[in-house]
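J.: Sequence:
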Amino acid sequence: MNRRAFISLLGGAAAWPLAARAQQPAIPTIGFLSTASAASIAPYVEGFRRGLAAAGFAEGRNVAIDYRWADNQPAAALAAKAATSAIPIVFTIGADPVKFGLVDSMSRPSGNVTGVSFLSNDLVTKQLQLLQTLLPPASVIGVLANPNNPNAEFDTGKTQAAAASLRLQVHAVNVAAERDIDAAFDDLARVRAAALLVFPDTLFIDVRRRLAEIVAARKLPAIYSNRLYVEEGGLMSYGSSPIDAFREAGIYTGRILRGEKPSDLPVVQPTKFELVINLKTAKALGLDLPPTLLALADEVIE
Numbered sequence: 000m001n002r003r004a005f006i007s008l009l010g011g012a013a014a015w016p017l018a019a020r021a022q023q024p025a026i027p028t029i030g031f032l033s034t035a036s037a038a039s040i041a042p043y044v045e046g047f048r049r050g051l052a053a054a055g056f057a058e059g060r061n062v063a064i065d066y067r068w069a070d071n072q073p074a075a076a077l078a079a080k081a082a083t084s085a086i087p088i089v090f091t092i093g094a095d096p097v098k099f100g101l102v103d104s105m106s107r108p109s110g111n112v113t114g115v116s117f118l119s120n121d122l123v124t125k126q127l128q129l130l131q132t133l134l135p136p137a138s139v140i141g142v143l144a145n146p147n148n149p150n151a152e153f154d155t156g157k158t159q160a161a162a163a164s165l166r167l168q169v170h171a172v173n174v175a176a177e178r179d180i181d182a183a184f185d186d187l188a189r190v191r192a193a194a195l196l197v198f199p200d201t202l203f204i205d206v207r208r209r210l211a212e213i214v215a216a217r218k219l220p221a222i223y224s225n226r227l228y229v230e231e232g233g234l235m236s237y238g239s240s241p242i243d244a245f246r247e248a249g250i251y252t253g254r255i256l257r258g259e260k261p262s263d264l265p266v267v268q269p270t271k272f273e274l275v276i277n278l279k280t281a282k283a284l285g286l287d288l289p290p291t292l293l294a295l296a297d298e299v300i301e
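Residue numbers (numbering that gives the first Met the number 0): 0 to 301.
Derived from the structure by calculation, the hints contain no laboratory data.
Among the clues, some could well be false.
[As the list claims (entries may be wrong)] Straight line, CA to CA, 16 Å or less: simulated EDC-like cross-link-like pairs of lysine to aspartate or glutamate: (1) Lys98 / Asp185; (2) Lys157 / Asp95; (3) Lys271 / Glu301; (4) Lys282 / Glu212; (5) Lys125 / Glu273; (6) Lys80 / Asp103; (7) Lys125 / Glu301; (8) Lys218 / Asp185; (9) Lys279 / Glu301.
[Said to hold, decoys possible] With beta-carbon atoms standing in for the labels, derived distance ranges: (10) Ala52 / Lys157: 35 to 41 Å; (11) Ala38 / Pro289: 19 to 25 Å; (12) Arg191 / Ala52: 49 to 55 Å; (13) Glu58 / Phe272: 39 to 45 Å; (14) Arg191 / Gly258: 54 to 60 Å; (15) Lys282 / Ala85: 38 to 44 Å; (16) Arg60 / Lys279: 38 to 44 Å; (17) Glu230 / Ala25: 21 to 27 Å; (18) Gly258 / Ala57: 15 to 21 Å; (19) Val299 / Gly100: 46 to 52 Å.
Computed from a predicted model, the values in this text were never measured in an experiment.
Where a beta carbon is used, it is the ideal one built from N, C-alpha and C, also for glycine.
Work out the full structure, taking the sequences as your base and the hints as a guide.
T.: What follows is the structure, encoded as structure tokens:
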């Protein structure tokens with residue numbers, strides 16, 4: 000029970016374990032580091048706690064959790080990895096953890112790092128196809144990207160290639176901080192973007208309510224990788240569940256606290272992707288959603 004553990008959130012989510020506090024030698028302490036804010040990812044944290052509970056750990060009873068927030072700095076996860084090769088690290092991430100440099104292999108992570116990837120950065124082709132069902136050919140799709148995210152340039156290139164194959168055009172705009180949002184949407188209006196794709200990023204999760212309000216005011220159909228946006232009034236999302244990813248990270252953390260090695264735990268990958276549609280938002284945008292699109296939805300929010 001005095002195993003060390005650390006948990007960190009990365010780009011879309013992550014987690015890792017810290018040294019047990021000297022004043023509580025019998026209770027392990029999990030250091031929980033997130034690149035998002037506490038309020039914006041509260042459902043994820045609850046998912047993590049559920050995973051810990053499934054592994055036999057309850058916060059305040061037989062484990063302590065020390066929370067820290069990295070203010071939308073995606074490099075926090077790599078910094079944590081660089082800081083120790085001994086303390087176990089469990090991450091959650093929307094991107095490819097091999098490409099990001101967190102592990103050597105999905106099946107054999109090696110070292111002190113393992114975790115969960117919900118692969119939200121690999122879904123742009125499907126997301127564009129879903130938007131395309133609402134748009135005429137050759138439409139301009141706006142893309143919201145955070146230039147501080149290490150995946151932004153790669154994801155933009157992937158999106159442009161996917162859009163070309165679908166006879167769509169892409170116009171990417173950068174939002175590095177909340178103050179950049181209005182200028183970004185003015186730019187999208189200038190090129191007459193017909194819809195919007197929002198890249199996975201903790202900055203955008205933090206400001207999701209404001210994004211939903213602006214998109215509604217500008218009558219832009221938008222798609223996201225995360226259902227939290229749709230619950231705040233976004234039109235639709237397509238992706239795996241970050242809450243489930245955090246639950247899996249909690250389970251892995253519990254297994255490590257019980258003595259398993261991170262190198263023996265393959266990176267968990269999603270087996271299910273969900274399409275969530277906000278019907279109220281569609282009506283407010285004046286959209287007549289095709290029956291084929293509604294039939295694909297895993298959940299329709301009235």
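J.: For each hint, tell me whether it holds in the structure or not.
T.: So, going through the hints one by one against the coordinates:
Taken as a hint, the Lys98 and Asp185 pair is broken in the structure, with Cα atoms around 33 Å apart against an allowance of 16 Å. The hinted pair formed by Lys157 and Asp95 meets the criterion: a straight-line CA distance of about 14 Å does not exceed 16 Å. Proposed proximity of Lys271 and Glu301 is contradicted: the alpha carbons are some 23 Å apart, above 16 Å. With a C-alpha separation of about 15 Å, the suggested pairing of Lys282 with Glu212 holds against the 16 Å cut-off.
Restraint check for Lys125 and Glu273: the C-alpha separation of about 11 Å stays at or below 16 Å, so the hint holds. For the given pair, Lys80 sits about 13 Å from Asp103 by alpha-carbon distance, which is consistent with the 16 Å threshold. Between Lys125 and Glu301 the alpha-carbon distance is near 23 Å, which puts this suggested pair outside the 16 Å criterion. A distance of roughly 13 Å separates the Cα atoms of Lys218 and Asp185; the hinted pair therefore holds under the 16 Å criterion.
At most 16 Å may separate the alpha-carbon atoms for a hinted pair to count; Lys279 and Glu301 meet this at roughly 6 Å. With their beta carbons about 37 Å apart, Ala52 and Lys157 fall inside the hinted range of 35 to 41 Å. The hint said 19 to 25 Å for the Cβ distance between Ala38 and Pro289, and at roughly 36 Å that hint is violated. Between Arg191 and Ala52 the C-beta distance comes to about 50 Å, which sits within the given range of 49 to 55 Å.
The hinted range of 39 to 45 Å is not satisfied by Glu58 and Phe272, whose Cβ atoms lie roughly 30 Å apart. Checked against the given bound of 54 to 60 Å, the beta carbons of Arg191 and Gly258, roughly 59 Å apart, stay inside it. Between Lys282 and Ala85 the Cβ separation comes to about 55 Å, which falls outside the hinted range of 38 to 44 Å. Remark: the range hint 38 to 44 Å for Arg60 to Lys279 is upheld by a beta-carbon distance near 41 Å.
Evaluation of the 21 to 27 Å hint for Glu230 and Ala25 yields a failure: the beta carbon distance comes to about 40 Å. Checked against the hint of 15 to 21 Å, the C-beta distance between Gly258 and Ala57 comes to roughly 19 Å, which is consistent with it. The beta-carbon spacing between Val299 and Gly100, approximately 39 Å, falls outside the hinted interval of 46 to 52 Å.
The structure is inconsistent with the numbered hints 1, 3, 7, 11, 13, 15, 17 and 19, although it conforms to all the rest.
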